[in-house]
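*Asks:* When we follow the UniProt record's numbering, the leftmost residue of the sequence shown carries the number 1, and every step to the right adds one.
Calculated directly from the structure, the hints in this document are not laboratory data. In this text, a Cβ means the ideal position worked out from N, Cα and C, and glycines have one as well. Hints may be right or wrong, so weigh each one.
In silico DSSO-like pairs for lysine-lysine, Cα to Cα no more than 27 Å straight-line [what the hints assert, rightly or not]:
id	residue 1	residue 2
1	254	356
2	103	628
3	344	356
4	571	628
5	516	589
6	559	531
7	162	206
8	469	516
9	628	8
10	251	241
11	206	9
12	349	241
13	626	571
14	628	614
Ranges between beta-carbon positions, derived for each pair [unchecked claim]:
id	residue 1	residue 2	range
15	321	589	53 to 61 Å
16	312	522	41 to 49 Å
17	623	522	26 to 34 Å
18	72	259	21 to 29 Å
19	321	157	37 to 45 Å
20	108	591	27 to 35 Å
21	531	2	21 to 29 Å
22	591	322	49 to 57 Å
23	402	195	53 to 61 Å
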Amino acid sequence: MGFIPVGKKPYPDELLYSWIHRLAAANGLLVKDFLIEYLGVKNATINSFRPDVRREFVGLYDSLLKKPDMVELFLSVSTFPFEAMFMTEGQQTKYVNNVFMEKSSVNTTSNGIFQQLHVCPECAKEDIAMYGEAYLHRIHHLSGIRVCPKHHCALMRFDGTKGRACDYDWTAYSTYELISTSDAVYADYAREIFDAGVTTDIKALKGILYSTLKDRGYSVSDAYASFNSDLHSWQYADLLKMDIPHFLKVKMIKAEYVSPEELMPLFMFLYPDANEMISLIQRADSNPLLEIYHCDTCGRNYISTPFAELNVFGCGLCNESLSESDFANRVFETNGYSASSAFKSMNRKIDLIHHKCGHHTVVTPRGFIYEGVRCMCESVITEAEAKKTISELGNYDLCEFTSAESLCKIRARDCGHIFEARYRKFVRSPHCRICFPHNMTTEYLRDRIARESNGEYEMVGDFVNQNTKISILHHVCGRTTEYSPKYFYMGARCPFCNSSFADQWERMYALLLDYKAEHGNITIPKRDLYKGENLGLWCQRQRDNYNCNKRTMTPEKVKKLSDIGFDFDPKETEWNRRYEQYLRYIEEKSTTYISRRTDYEGEHLGAWVETQRKWYKTGKMSDERKEKLLKANPLFFVS
1 MGFIPVGKKP YPDELLYSWI HRLAAANGLL VKDFLIEYLG VKNATINSFR PDVRREFVGL
61 YDSLLKKPDM VELFLSVSTF PFEAMFMTEG QQTKYVNNVF MEKSSVNTTS NGIFQQLHVC
121 PECAKEDIAM YGEAYLHRIH HLSGIRVCPK HHCALMRFDG TKGRACDYDW TAYSTYELIS
181 TSDAVYADYA REIFDAGVTT DIKALKGILY STLKDRGYSV SDAYASFNSD LHSWQYADLL
241 KMDIPHFLKV KMIKAEYVSP EELMPLFMFL YPDANEMISL IQRADSNPLL EIYHCDTCGR
301 NYISTPFAEL NVFGCGLCNE SLSESDFANR VFETNGYSAS SAFKSMNRKI DLIHHKCGHH
361 TVVTPRGFIY EGVRCMCESV ITEAEAKKTI SELGNYDLCE FTSAESLCKI RARDCGHIFE
421 ARYRKFVRSP HCRICFPHNM TTEYLRDRIA RESNGEYEMV GDFVNQNTKI SILHHVCGRT
481 TEYSPKYFYM GARCPFCNSS FADQWERMYA LLLDYKAEHG NITIPKRDLY KGENLGLWCQ
541 RQRDNYNCNK RTMTPEKVKK LSDIGFDFDP KETEWNRRYE QYLRYIEEKS TTYISRRTDY
601 EGEHLGAWVE TQRKWYKTGK MSDERKEKLL KANPLFFVS
């Protein structure tokens, strides 16, 4: 796959599905051809391309010439940040693996988070006026939303032929009927939660719900009858679609997934101000949805979840070669269990022995791995057991305890802080939540960096989130470098003053020379390993540093790479390659005419020619390219 010739950034709040359709159109290709040509989808059809885009995202990212942060980009074009709140951490992990890992016996496809495509007619009018075209918005595809939060008008759902939603033929859309004021209030509430960017999971939400019910005097002793009565007297009671007592006594306890349409109205009733709910979620000690990890086995970076790392799922790239049984047994052993019966499948029950208590428990491997089903002794933890476990973790004391899944109060002896954390989360990651908060602020981080480096480093600029790089000034050399916050915590320091950084660059450069001697070129694919090293990614990083004018790409490095024929501008190289292909076509066919659908030498040459004409008409073509095309065909822009 080459780089996408005509690049277009996603519009504000644009859905990934919509962005891919726009990119295909901008490059003169049918969506199925675009999926094959640039996203690496084999045997793609328009029917197989689901609105809930997953694995195709990685192919798209790899084909972008200018690459923003991968995690940030995905979260900005997906509804996953909202839907993930109603999943278990295991379900979140399975969805993330579907996006960032190849499908395998271990990484099977999970259920989608939405299928129906929606459009707000008023938003479409505004988008056409501002951008010249309509597009699909993420906010219109959150579970339960049937009204546009901005205009409070009913959404239109697409009922036409698969793959034609982005044609915006309004005759193929129908408007939701029987829309009430409650639907608009639900949409507003969901939008505030979504825009806040909070992260949590269904267990935390369950804990918030039952804790609030207890505080408000609603009890299971009367089968939640008083709560049911108050709810049905609520002005937005038409949002309630289930039997409330059964929901609270049975489904909320047994079900791992609860839909937003069921749970959100309860929180709307209990916390009419969405900011109160947002504050409670922020206090629930949740982890980031996604993080980048490094695999020591294969030397590659991969994207996964904190839950997967705590359970030692490992590198998804390495796991592609594992059988389901090997993967499951590794997770069993990591969590202190071993199988006493044969593994049959992820959905067939297996007998496990819990090493801690010696008891047997029968569970499906999928339930154990992704849903957190464990031996009964792990589900019921007494306060005495919890205190003992906390004290064994180091200088910590348990002050208040309700249950293993609820918030408890813990005191850190070293600093004296008392903070709240979910018991199981704290046991997995024991640290003071005040000294090392999940909700970091710019002021706190700036003070911390200055304090811990004794003034040698200073953060300049603002903190956004843990996945967005921060700019840090090194007062010794006067240079500013960008770091991910977590990598700075882990000891990353100024690359200009760090000899190990320079040594690493020279080592990879020497490896590139070996590759050239062996293969006769240095066009190594980005994802390829060479002698166990991620040489392809290293080469891509050099291009990125060069094109972004990063100071780590010194003139000496540029010269050394240029001397061996390193290509810093593959986009221009790709254009020249296609131009030469066009010249060969003219010579072979003895004509300059080529239709948009013409393929030549196994590539969509006609689409490429059509794209050049579009660039010319929109004023995006350089004079040099224009002259080349006119030299090949004086009537090129007349055709």
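*Asks:* Are the hints correct? Go through all of them and say.
*Replies:* Cross-check of the supplied hints:
{"no.": "1", "hint": "254 - 356", "verdict": "holds (25 Å)"}
{"no.": "2", "hint": "103 - 628", "verdict": "violated (44 Å)"}
{"no.": "3", "hint": "344 - 356", "verdict": "holds (25 Å)"}
{"no.": "4", "hint": "571 - 628", "verdict": "holds (16 Å)"}
{"no.": "5", "hint": "516 - 589", "verdict": "violated (36 Å)"}
{"no.": "6", "hint": "559 - 531", "verdict": "holds (25 Å)"}
{"no.": "7", "hint": "162 - 206", "verdict": "violated (37 Å)"}
{"no.": "8", "hint": "469 - 516", "verdict": "violated (33 Å)"}
{"no.": "9", "hint": "628 - 8", "verdict": "holds (25 Å)"}
{"no.": "10", "hint": "251 - 241", "verdict": "holds (13 Å)"}
{"no.": "11", "hint": "206 - 9", "verdict": "violated (38 Å)"}
{"no.": "12", "hint": "349 - 241", "verdict": "violated (33 Å)"}
{"no.": "13", "hint": "626 - 571", "verdict": "holds (16 Å)"}
{"no.": "14", "hint": "628 - 614", "verdict": "holds (16 Å)"}
{"no.": "15", "hint": "321 - 589: 53 to 61 Å", "verdict": "violated (46 Å)"}
{"no.": "16", "hint": "312 - 522: 41 to 49 Å", "verdict": "violated (37 Å)"}
{"no.": "17", "hint": "623 - 522: 26 to 34 Å", "verdict": "holds (30 Å)"}
{"no.": "18", "hint": "72 - 259: 21 to 29 Å", "verdict": "holds (27 Å)"}
{"no.": "19", "hint": "321 - 157: 37 to 45 Å", "verdict": "holds (42 Å)"}
{"no.": "20", "hint": "108 - 591: 27 to 35 Å", "verdict": "violated (50 Å)"}
{"no.": "21", "hint": "531 - 2: 21 to 29 Å", "verdict": "holds (26 Å)"}
{"no.": "22", "hint": "591 - 322: 49 to 57 Å", "verdict": "holds (54 Å)"}
{"no.": "23", "hint": "402 - 195: 53 to 61 Å", "verdict": "violated (31 Å)"}
The structure shown violates the earlier hints numbered 2, 5, 7, 8, 11, 12, 15, 16, 20, 23.
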